[in-house]
Amino acid sequence: VSVLYWRSYCSFTRIPHSAMSASSAIPDSVESDANPYEELPGAEVSELKPGLFQVMAPAGDRSPLAGAQLMCLYNATSDKMFKVTVDFLQPDMTPGPSGVDVLQPDKLAVVLYPLEGRVITTGKWKAVKRAFMFGKPDAAWQEKQRAKAEKAVSGELEKVLALFKSKGLDPAKLSSDDGGRVCFQSGMQYVDHEFPPTQDSICKPHEFQLRVYPWMRPAAYCGDAEPCLYVGTIEPNDIDQGMLGDCYFMCA
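Residue numbers (UniProt numbering): 1 to 252.
Because the hints were derived from the structure by calculation, they are not lab data.
Note that the structure is a prediction, hence the values are computed from the model and not measured.
Be careful, since some hints might not be right.
What the hints assert, rightly or not - The calculated lysine-lysine pairs, modelled on DSS-like cross-linking and capped at a C-alpha distance of 30 Å, are:
1. Lys148 to Lys159
2. Lys129 to Lys151
3. Lys136 to Lys126
4. Lys165 to Lys148
5. Lys49 to Lys107
6. Lys83 to Lys49
7. Lys83 to Lys151
8. Lys80 to Lys49
9. Lys126 to Lys49
10. Lys83 to Lys136
11. Lys107 to Lys126
To be verified - Pair by pair, the computed Cβ-Cβ distance ranges are:
12. Leu65 to Glu235: 46 to 52 Å
13. Ala43 to Asp87: 20 to 26 Å
14. Met188 to Pro58: 47 to 53 Å
15. Met56 to Pro171: 53 to 59 Å
16. Gly67 to Thr233: 45 to 51 Å
17. Lys107 to Ser29: 17 to 23 Å
18. Asp61 to Asp192: 49 to 55 Å
19. Val102 to Lys126: 17 to 23 Å
20. Leu48 to Asp192: 40 to 46 Å
21. Asp61 to Lys83: 29 to 35 Å
The beta carbon of each residue, even a glycine, is placed where N, CA and C say it ideally should be.
Produce the entire structure from the sequences given, and follow the hints as far as they go.
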């Protein structure tokens, strides 16, 4: 199986940590498979909820206030969204400019989708109180990820079909086994042209509506360029089962 049908998950480009060396270079929002905010000078990282991390660091030149702090949140999960509301006691602060809702002068709220991070605020305050809501990402986000993954798949499939035609082969008469062999011999990643990894292979839109999931190769799913290793005993929870009953163990 060269292309897998995974749960709602999408990998993002890792942001180089060197880009975080100066506070003025801190991105207001990120989509990354690693938490870049934890590399800030003087950062203090705490896990507020499983998979939800808070990073506190000196604000530096982002705030004119002496001793000002920078508050960032990062969602490290692949399948949850968090809505976080933060109440501040006696704040003197500037809310983050990207995706932060100001409910009251001393109350901020933010929604974090999987693998998203945001600068919540910079400034000073005496204390904070937080409230959390979390669950599966909403349908709009899932559709966005599916469309992104399907666009990548379409581009790969076009290259595969172009390869067949350049060799005088008719895709309609070519089996998946033969197509895979041609791609392998040409050094190209294979995409099943008989059963393309798209939503339409599961059901036609006019038949009935299924929950959407993106299709991804294991390399995209794991994200890192380095091999992913298990530490200690391998347990059932370590295997992320695909919605068609496949997984990266079967692929390997």
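Are any of the numbered hints broken by this structure? If so, which, sorted upward?
Violated hints (numbers, rising): 2 and 3; every other hint is consistent with the structure.
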